[in-house]
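Visitor: Here's the letter readout for the chains.
Protein chains: 2
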Amino acid sequence: MSSTDSSKVDVLVIGAGPSGLMLCTWLARLGITTRIVDKRFSAINSGQADGLQSRTFEIMDSLGIGQDLWREANHMLEIRFWNPDKDNRLYRSDTIVDTKPGLSRFQQATLHQARIEDYLLGYIKKHSSIKIERGIMPESLDIDMKLVDAQDEYPVSVTLRHLPPQSPDLNKAGDSNGASTPNGLFRSNLTADTVDSMLKAARESSHSHTELVRAKFVVGCDGAHSWTRRQIGSVMEGENTDCIWGVLDTIPITDFPDIRFRCAIQSASGSMMIIPRENKYVRMYIQLTEMKEGGQACVDRSKITQDNLFAAAKKILAPYNFSYKHCHWWTAYRIGQRVGSKFSAHERVFLAGDAVHTHSPKAGQGMNISMHDTYNLGWKIAYAVRGWADRSLLKTYVTERRQIAKELIEFDHRFARLFSGRPAKDIMDEEGINLETFKAVFEKGNLFSSGCAVDYASSIIVSKPQSSSRNGSDVQDEAEIAATTFHHAEEVVAKQHLATKIPIGQRIPSHKVLNQADARPWHLQELLPSNGAWRILVFAGDLQDPAQLKRYKALGEALSSPLSFASKSRLGKESLLESLIEILTIHSAPRAAVELLSLPEIFHPFSDEYGWDYNKVFVDDVSYHEGDGRAYENYGIDGRMGCVVIVRPDQYVSWIGDLEDSKEMERFFSGILRV
Amino acid sequence: MSSTDSSKVDVLVIGAGPSGLMLCTWLARLGITTRIVDKRFSAINSGQADGLQSRTFEIMDSLGIGQDLWREANHMLEIRFWNPDKDNRLYRSDTIVDTKPGLSRFQQATLHQARIEDYLLGYIKKHSSIKIERGIMPESLDIDMKLVDAQDEYPVSVTLRHLPPQSPDLNKAGDSNGASTPNGLFRSNLTADTVDSMLKAARESSHSHTELVRAKFVVGCDGAHSWTRRQIGSVMEGENTDCIWGVLDTIPITDFPDIRFRCAIQSASGSMMIIPRENKYVRMYIQLTEMKEGGQACVDRSKITQDNLFAAAKKILAPYNFSYKHCHWWTAYRIGQRVGSKFSAHERVFLAGDAVHTHSPKAGQGMNISMHDTYNLGWKIAYAVRGWADRSLLKTYVTERRQIAKELIEFDHRFARLFSGRPAKDIMDEEGINLETFKAVFEKGNLFSSGCAVDYASSIIVSKPQSSSRNGSDVQDEAEIAATTFHHAEEVVAKQHLATKIPIGQRIPSHKVLNQADARPWHLQELLPSNGAWRILVFAGDLQDPAQLKRYKALGEALSSPLSFASKSRLGKESLLESLIEILTIHSAPRAAVELLSLPEIFHPFSDEYGWDYNKVFVDDVSYHEGDGRAYENYGIDGRMGCVVIVRPDQYVSWIGDLEDSKEMERFFSGILRV
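Protein chains in written order, with the UniProt record's numbering: chain S, 1 to 675; chain D, 1 to 675.
These are calculated hints, taken from the structure and not from any lab test.
Treat the hints loosely; a few may be bogus.
[To be verified] Straight line, CA to CA, 20 Å or less: simulated EDC-like cross-link-like pairs of lysine to aspartate or glutamate: (1) S:200 x S:139; (2) D:325 x S:609; (3) D:280 x S:518.
[To be verified] Per the computed footprint, the stretches of chain D lying under chain S, defined by three or more beta-carbons under 8 Å from a beta-carbon of chain S, are: (4) 514-524; (5) 531-539.
[Claimed, not checked] Facing chain S, according to a computed beta carbon distance under 10 Å, are these residues of chain D, among others: (6) 105; (7) 496; (8) 592.
Positions of the beta carbon are idealized from the N, C-alpha and C atoms, including for glycine.
In isolation and in its complexed conformation, chain S is listed as follows (with noise of 0.2 Å):
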């Protein structure tokens, strides 16, 4: 039986992993009408992804749900290195921190990527009745051109086949070299694609049918083996080496001292790295070095068992005893790095995720940035759904998170060669790396792996100042720049030195400070939850001062006028949000010099039904119980005389300036916002 239903949707994400999950978050959030499919049949429970950047629990916590996972989640404090010394025996070469202190609230940590999942499958819940349709495979995709710029049309058509539920699920082993742990070869990089034959399966089976999807935008989140990318003609770009690592997740029994902490070890043997994980699980990366040779696409998967693993990481461990009782699963990969040539079919299909780029585990890296790049482009969908922006916004999906992507390729390319290459023997020994070397490496990656020092270049809604504008990397086409920085982003003028720690581009750094109506004390990123509303920023300085009083005054009539954004993106009450600009106040004054009520209505609006607002004016003083925030001196703004700082829906920094700078926020809006 094959019939073939029709049905409109606004959004289709294809692949229900972390990434899709994540782009679900803000639909969810924003009421977009979404579908999502995936052609496994049941989610994932063991193996795959563990490593949590800081910045990732960021994100979880500005949907609620990152305390939970912090608290879950086995943190990594500190980094040991290993190496031989001159006899050949190991010895604890190093020690330094993981994450850099004061970076984030949140370090590097791992918890199970069904955990994360988990997580986000309860948020989505809560906000909305998007279910993930399992065992749906897309099969074919087409964009009518004819359509392709107009509002509310759904230019894209889609295919989807419901498997027969008979179909192998994809998340068993393919085969199990005689062991009973689940091993994960079938979805590493050293096995071949089965989309198309389990395509030709189903379409030859009496129990799968296909349906008709039109659809406003197209998402494909379906991992490294993308159907979406063929779709829309993306290559992979990049290399591959004929380095093979093994992953082996055990409970271990060892004498081996720094079991617990993040090891970089490079034994005469071999290198390995010890990532230790919740629920006493530990997962070693473990280079196979007798398996260098050969360098055919996939490689003779019988010769890589959970044995070899095991006898590999107790030769590199040695003399240190290890064995194990429990093992939670195993795989192997090929070190590569690539990257997609597309992220985008006409701003109607994008890709997101291992889709678009794929290199090795080992840094913790995948997870993370499959999700960032969903939490870039799902507020983005939403306000072109909405019509609350051009579709053009979408463009800098693309060129943000293609950035991204090359410095994670250039990130991986630099710390794989490094674990795979050997220590070197003494200082002449060129071919051999350097231990300074290494840790040098491994220091400066740390940054970029935290997730904390992304720095989108200049667009629409990243006003850099001019000098800085290009911040030096070449990593962006000329094309998707003057696509992206059109009109009006270019007259509108940032003043970087006012805050001279919230660089603009970034994600806006957390100190804590108080609430001027109750004083408790929140970190200010608490403040910026996920809902889609821009916000502005006013470090209102010192207004026990009555000429700082004044300018502050100003600003607020500025904003108060029925012409400003502020007024205009006021979606109102039974909106999901109810205004697309929020306005939060932080001053510099000591807490008890200054009487909410007395401050202009703009920073702490009135309700008929709920009256004054509480929680838009904080302040930057002592806390009773959790110390002394400092945000002011954090973030870099002069105490007196303040700065207001215009941050995204997803607490990246668009542009900074004087209250005085009214004119140039409204600027700044109107390259963006359709009110």
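Given the coordinates of chain S, assemble chain D onto it according to the supplied hints.
Guide: For chain D alone, coordinates are given in the frame of chain S:
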């Protein structure tokens, strides 16, 4: 249809409010067969309690639900005092901190009782199959005195009546006074008991039936009108006043500037307490002066209406405006303080919560102390049911919680009178209450009302040094002291001076320490989850010092002896609790100077299945991201010599001694544990 079934259960809990649910958390965690019944057909959904003490958050955190509650609750950081000036105009006379900084990692906060119950239910569901059975009232209770001292018998028989489905829902308002807001008068102490009339109506119904339950233990958590209390002949002793106060839960629309702070207002028109709550709500406790006359037990409820409360509140707050569109709940109560004459019958039937102490709600104590009652009782019942301790352990419930009930009543007596009095007009006004006195009582009361100052007297589970064994209060019966300090306890010598800031009898304060194995910071209390285990905290001192290391190793040998309680109390991996005694080390040497695996095995036990235990040894050192806990200094422990602290399953401190005092520890445990 009326039939009588018969069944057996370890524990029958009567009443599913916060007190009954907290009891079930222990019973659920320790696998005790339990039934919990409630006459109400639905859980509460408006009104009732809202205040949460610091200590309550600590307890909730020991159940793994404290952090979620903390995030959801409204935090109260500061108290503002308002008084009439010489022209009788209200002014802000003072500001003080609410919870004393450093007392706890949690501060006073508010969250609706229904949410607390939700979290407790979630915990119970996670750990057991215990379910609340609703629409059930007990009808008779008998204790078989022949069986009362037998370990495995069921001496308490209770007949339970299943109410007909059409019984009135006790959580709906009895009368509406013409207003649409639910009111709580029907549950207030202005209303007569309806238990008998409900039972009578049920007996006459053809849709009601009974069953007979035989239990080892029965606990009455059935509130101020406790049926259980009557069965065991316990009488409420104390006094009632004629002071009537109203309670109004609204989202206030007001220009009163401190509406989001806890305020104590004593205006010329009467007193008011403002308690800011979650979701924009504010609770007002309003003195109803015009209703002060008439002393009958139940006043004419028709005189107390929502409009009357609103009018009184407006008058007190004048000249500030006050109105509202949203009112969630309102009620009124008569101030009084009473304590039950008996808390137990034969250590087989117990009373807890409002069933044994009633008082005025203004200080936000009731729900907390009711939950603390059963938090004290639950693990003791579980120990008795499992045979891990003699039933005489349960006598300490009575002594400890009666002491607290009496302290509560004394506190409330002072606190309520303070509030119902009128403010002094000037220094010569002897009848009025002086502002300074008011503040002083308030500040002192705050320590009590944090719940962190509870100080249990000497007993078999609290070994205070002889000199301080009676802590100056006369709240205990001599007979009770004799019963609970029987044989062993008096031989056990504790050394308070070794940890001057860990008072024996009080809950152990919490400071941060680091895990030796992975450098992760933990609050000490986080290492003491409520799982039923006693803890031996070995403050091992400076393990860099060979002499100190020798002392530590000697202690390890003593604890490792097969005859030690640490050995004998092992229950095995298959049990819900691996051992009745867990040994944790906190040393004070630099973290980097100690290798975990070089320490004696007993302090980080080895398992054939899981390898070494990495979660038993901690260190007082600086963390990378969360500062310096300075645990030894904050605990008043010598950094070189250390000490040993025994902590009860409920986090209260039992004993302190030297590393050489293993014989004293053995004597201590031999007075309690039956292993």
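Visitor: When the structure is checked against the list of hints, which entries are broken? Sort them ascending.
Guide: Per hint list: 5, 7 violated.
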